[in-house]
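Peer 1: What follows is each chain in one-letter form.
Number of protein chains: 2
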Amino acid sequence: MRMSQFFLPVIKETPAEAQIVSHRLMLRAGMIRQSSAGIYSWLPLGFRVLKKIEQIVREEQDAAGAQELLMPTIQPADLWRESGRYDDYGKEMLRITDRHERDMLYGPTNEELITDIFRNSIRSYRQLPRNLYHIQWKFRDEVRPRFGIMRGREFLMKDNYSFDLDIAGSRRSYNKMFVAYLRTFERMGLKAIPMEADTGPIGGDMSHEFIILADTGESEVYCHADYLDFAAPDQAVDYDGDLTPIIDHWTSRYAATDEKHDAARFEAEVPEDRRIVTRGIEVGHIFYFGTKYSEAMGATVTGPDGGDIAVEMGSYGIGVSRLVGGIIEASHDADGIIWPASVAPFQVGLINLKVGDAACDGAATDLYARLQAAGVDVLLDDTEERPGSKFATMDLIGLPWQLIVGPRGLKAGTVELKARRGGERREVSLDAAVAELAAG
Amino acid sequence: MRMSQFFLPVIKETPAEAQIVSHRLMLRAGMIRQSSAGIYSWLPLGFRVLKKIEQIVREEQDAAGAQELLMPTIQPADLWRESGRYDDYGKEMLRITDRHERDMLYGPTNEELITDIFRNSIRSYRQLPRNLYHIQWKFRDEVRPRFGIMRGREFLMKDNYSFDLDIAGSRRSYNKMFVAYLRTFERMGLKAIPMEADTGPIGGDMSHEFIILADTGESEVYCHADYLDFAAPDQAVDYDGDLTPIIDHWTSRYAATDEKHDAARFEAEVPEDRRIVTRGIEVGHIFYFGTKYSEAMGATVTGPDGGDIAVEMGSYGIGVSRLVGGIIEASHDADGIIWPASVAPFQVGLINLKVGDAACDGAATDLYARLQAAGVDVLLDDTEERPGSKFATMDLIGLPWQLIVGPRGLKAGTVELKARRGGERREVSLDAAVAELAAG
Numbered sequence: 035m036r037m038s039q040f041f042l043p044v045i046k047e048t049p050a051e052a053q054i055v056s057h058r059l060m061l062r063a064g065m066i067r068q069s070s071a072g073i074y075s076w077l078p079l080g081f082r083v084l085k086k087i088e089q090i091v092r093e094e095q096d097a098a099g100a101q102e103l104l105m106p107t108i109q110p111a112d113l114w115r116e117s118g119r120y121d122d123y124g125k126e127m128l129r130i131t132d133r134h135e136r137d138m139l140y141g142p143t144n145e146e147l148i149t150d151i152f153r154n155s156i157r158s159y160r161q162l163p164r165n166l167y168h169i170q171w172k173f174r175d176e177v178r179p180r181f182g183i184m185r186g187r188e189f190l191m192k193d194n195y196s197f198d199l200d201i202a203g204s205r206r207s208y209n210k211m212f213v214a215y216l217r218t219f220e221r222m223g224l225k226a227i228p229m230e231a232d233t234g235p236i237g238g239d240m241s242h243e244f245i246i247l248a249d250t251g252e253s254e255v256y257c258h259a260d261y262l263d264f265a266a267p268d269q270a271v272d273y274d275g276d277l278t279p280i281i282d283h284w285t286s287r288y289a290a291t292d293e294k295h296d297a298a299r300f301e302a303e304v305p306e307d308r309r310i311v312t313r314g315i316e317v318g319h320i321f322y323f324g325t326k327y328s329e330a331m332g333a334t335v336t337g338p339d340g341g342d343i344a345v346e347m348g349s350y351g352i353g354v355s356r357l358v359g360g361i362i363e364a365s366h367d368a369d370g371i372i373w374p375a376s377v378a379p380f381q382v383g384l385i386n387l388k389v390g391d392a393a394c395d396g397a398a399t400d401l402y403a404r405l406q407a408a409g410v411d412v413l414l415d416d417t418e419e420r421p422g423s424k425f426a427t428m429d430l431i432g433l434p435w436q437l438i439v440g441p442r443g444l445k446a447g448t449v450e451l452k453a454r455r456g457g458e459r460r461e462v463s464l465d466a467a468v469a470e471l472a473a474g
Numbered sequence: 035m036r037m038s039q040f041f042l043p044v045i046k047e048t049p050a051e052a053q054i055v056s057h058r059l060m061l062r063a064g065m066i067r068q069s070s071a072g073i074y075s076w077l078p079l080g081f082r083v084l085k086k087i088e089q090i091v092r093e094e095q096d097a098a099g100a101q102e103l104l105m106p107t108i109q110p111a112d113l114w115r116e117s118g119r120y121d122d123y124g125k126e127m128l129r130i131t132d133r134h135e136r137d138m139l140y141g142p143t144n145e146e147l148i149t150d151i152f153r154n155s156i157r158s159y160r161q162l163p164r165n166l167y168h169i170q171w172k173f174r175d176e177v178r179p180r181f182g183i184m185r186g187r188e189f190l191m192k193d194n195y196s197f198d199l200d201i202a203g204s205r206r207s208y209n210k211m212f213v214a215y216l217r218t219f220e221r222m223g224l225k226a227i228p229m230e231a232d233t234g235p236i237g238g239d240m241s242h243e244f245i246i247l248a249d250t251g252e253s254e255v256y257c258h259a260d261y262l263d264f265a266a267p268d269q270a271v272d273y274d275g276d277l278t279p280i281i282d283h284w285t286s287r288y289a290a291t292d293e294k295h296d297a298a299r300f301e302a303e304v305p306e307d308r309r310i311v312t313r314g315i316e317v318g319h320i321f322y323f324g325t326k327y328s329e330a331m332g333a334t335v336t337g338p339d340g341g342d343i344a345v346e347m348g349s350y351g352i353g354v355s356r357l358v359g360g361i362i363e364a365s366h367d368a369d370g371i372i373w374p375a376s377v378a379p380f381q382v383g384l385i386n387l388k389v390g391d392a393a394c395d396g397a398a399t400d401l402y403a404r405l406q407a408a409g410v411d412v413l414l415d416d417t418e419e420r421p422g423s424k425f426a427t428m429d430l431i432g433l434p435w436q437l438i439v440g441p442r443g444l445k446a447g448t449v450e451l452k453a454r455r456g457g458e459r460r461e462v463s464l465d466a467a468v469a470e471l472a473a474g
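From first to last, the protein sequence lines are chains P and E.
The numbering of the first sequence is the working numbering, which starts it at 35 and goes up by one.
The numbering of the second sequence is the working numbering, which starts it at 35 and goes up by one.
Incorrect hints may have been included.
What the hints assert, rightly or not - With beta-carbon atoms standing in for the labels, derived distance ranges: (1) E:S253 - P:T399: 44 to 52 Å; (2) P:R460 - E:I201: 45 to 53 Å; (3) E:S423 - P:D96: 21 to 29 Å; (4) P:H134 - E:S423: 36 to 44 Å; (5) E:D369 - P:A265: 27 to 35 Å; (6) E:R287 - P:G422: 56 to 64 Å.
If you are wondering where the hints come from, they were derived from the structure by calculation, not from laboratory data.
Each residue gets a CB set at the ideal place from its N, CA and C atoms; glycine is no exception.
Construct all of the structure, not just a fragment, from the sequences and the given hints.
Peer 2: Set out below in structure tokens:
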């Protein structure tokens with residue numbers, strides 16, 4: 035992509051309304067624009083990151099045996115009356131009346147709708163287990179939306195729902211998601227720590243939040259420093275095998291949010307020099323809630339002995355749009371964002387320092403074509419901005435690599451290759467630059 | 035994917051509520067389920083088709099130089115008051131009041147929101163032209179939703195918006211979309227004919243609908259039979275070159291919907307044996323509307339002479355979810371759907387006729403693994419249904435190829451390869467089957 039043609043409205047000034055760094059940087063980098071309180075448009079740069087994150091979530095869900103479908107955003111109130119949550123949910127639910135005066139709502143989550151689909155389609159225990167997910171926009175009418183897309187009203191969430199015949203099966207489904215979540219966040223360059231959680235309005239009696247550590251997090255967290263060195267399960271993990279050892283390992287140390295924190299246990303279990311007390315951002319949440327919805331809504335299957343059995347259910351959420359902010363909170367410096375390669379909107383920012391200079395234009399165009407041919411996503415800065423402004427913009431938008439083409443280097447046959455993370459710079463030949471970037 | 039694990043709730047009976055064939059077949063094939071009037075969930079089989087169509091639309095937009103972003107579903111009413119459309123739109127607009135009593139709405143289209151993004155970001159004529167698109171769910175509160183997802187309330191649409199400095203530039207943007215649309219529909223196996231159209235509530239003075247011919251279409255159409263033989267532009271089309279010859283060719287014959295039909299002209303211009311009078315389904319619509327929104331909302335750029343110029347705009351829509359139904363209307367038979375390969379949910383249905391028979395299980399598993407390794411999307415019917423039921427389901431869901439593994443053929447070293455379209459069947463060796471299907 036040529037920057038001269040790319041819709042990238044960067045902002046030089048720091049926006050006054052943004053209180054946290056991810057919000058500031060997303061506005062400044064031209065990733066998002068607010069259209070009303072807590073509701074944002076994703077401009078091309080932000081959209082590319084959102085899609086990368088969505089795709090990682092999808093791949094790990096598929097690998098764990100979940101199947102993708104798509105439920106609508108607007109749901110009938112009657113389904114929520116069946117579960118009893120229509121009244122419980124309060125003002126965070128965006129309630130809507132359609133032209134025929136029917137009560138509708140913009141889904142904040144989908145337990146009712148998926149249970150309805152299940153009960154209309156699945157009849158026999160032989161059709162279990164099932165794990166269905168979708169990646170869809172949700173709405174929660176926050177009283178005070180803030181922190182940009184971190185606590186917005188319209189947000190993109192991956193949510194899935196498991197259906198099992200018995201508690202043991204449900205536990206296996208829960209474990210699969212636990213492992214898939216560890217892998218998902220790890221692929222995004224995040225260290226997400228599972229912490230026991232309250233189940234809140236979803237209900238149920240087993241639940242973990244996946245929390246990334248960041249000073250700007252919404253809640254205080256307490257955990258053992260060992261977690262920082264734990265390795266996520268490998269891609270080759272066998273989801274049909276016994277996942278218990280992985281779960282045991284990842285729950286073997288103390289880790290708790292404010293809500294569940296037990297100061298005495300923390301001090302007893304964690305040596306003083308291994309205690310981490312900081313703030314955290316919730317990026318995922320998994321629940322087992324048994325038959326809460328299946329009983330209320332009649333989601334039963336015929337069991338082996340012919341009787342009706344209410345299915346055991348769990349639900350599992352990942353805040354896809356929130357992760358964009360979470361990754362920035364965890365990975366930035368004073369100059370801007372530092373994208374992990376797996377979610378970067380482009381891999382390389384190719385800077386032509388002297389547009390109009392025949393040698394620079396020729397080399398930049400040549401590198402651009404060769405990198406694209408090698409399958410590398412490149413953003414070519416072919417604008418007429420001053421070098422200082424070009425460097426600042428490229429640091430701000432945080433692509434993993436910068437490749438800088440200037441007249442002085444070209445005379446020596448070199449370009450400058452800069453790693454955004456760490457800032458290391460090297461003079462390399464054009465061929466070496468292409469070879470290194472093409473190798474990933 | 036193994037059918038025993040795939041969430042595919044096919045229905046044997048013909049659903050009484052479905053009046054047209056695409057609605058019937060989508061329900062029977064387990065592609066969609068209604069959650070309330072005109073609002074559907076996309077089950078895994080339907081979701082896969084929806085994504086394939088979305089991706090073709092995306093690729094052709096990108097090729098034509100449009101850039102993807104994503105606007106939210108919920109919009110502030112104030113923007114629509116600026117354009118004057120808040121009152122005009124009537125009851126088809128889903129109006130919402132949030133917890134702070136602010137007037138919001140579920141976007142039926144996005145002219146106002148994109149114009150707001152534009153005016154906050156683009157200042158100079160040097161930053162033109164721009165063409166921005168998104169693929170997002172829309173809502174129109176139809177008084178009588180029907181025909182399944184063909185005339186639903188919540189639907190997926192690709193809409194984009196062009197911004198140019200002058201009318202000549204706007205015409206070039208319009209022509210690019212005209213060409214991109216021809217290519218998009220052609221890739222889906224559709225013959226879409228551009229017909230002059232009224233501009234309706236969007237406003238403007240140049241507009242074409244892209245219509246596919248089908249007996250079940252919503253409006254009567256009249257056109258010259260020559261269109262059926264016109265070839266869509268090639269992939270190598272140069273979007274920066276002169277597209278006028280393509281537009282001229284594709285508008286050289288008579289083609290009109292009811293609204294614009296002129297019986298005298300039709301009879302004068304089209305020889306009697308070349309007159310097509312049938313019904314049509316609108317799958318795309320492009321508009322040029324000049325400065326209607328830019329003037330009302332102050333979307334101006336500084337021109338070459340320093341003065342403010344209201345930008346020339348156009349908008350362009352493709353009904354992504356509607357296309358799923360449109361393709362079925364255009365491509366089915368008495369037994370079910372016949373997917374064009376480009377949008378098929380899987381390329382091959384691999385039927386194991388005798389599950390439990392060692393030879394059949396072995397051959398089916400082997401073929402399944404080899405086809406997957408070759409990158410072919412395969413649905414393996416490993417269920418214990420009777421052969422007749424397996425054939426009926428596979429015909430119903432309409433995958434391009436069926437590969438049938440049975441004990442009799444295996445004794446002779448062969449499997450049966452059946453083309454869903456046309457129904458041709460051949461006995462081939464296992465190796466030949468893999469080679470042929472892997473070659474596409």
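Peer 1: Are the hints correct? Go through all of them and say.
Peer 2: The hints, checked one at a time:
1. E:S253 - P:T399: 44 to 52 Å: With Cβ atoms ~49 Å apart, the hint holds.
2. P:R460 - E:I201: 45 to 53 Å: Check passed, 51 Å falls within 45 to 53 Å.
3. E:S423 - P:D96: 21 to 29 Å: holds (28 Å)
4. P:H134 - E:S423: 36 to 44 Å: Cβ of H134 of chain P to Cβ of S423 of chain E: about 40 Å, so the range 36 to 44 Å holds.
5. E:D369 - P:A265: 27 to 35 Å: violated (52 Å)
6. E:R287 - P:G422: 56 to 64 Å: Check passed, 58 Å falls within 56 to 64 Å.
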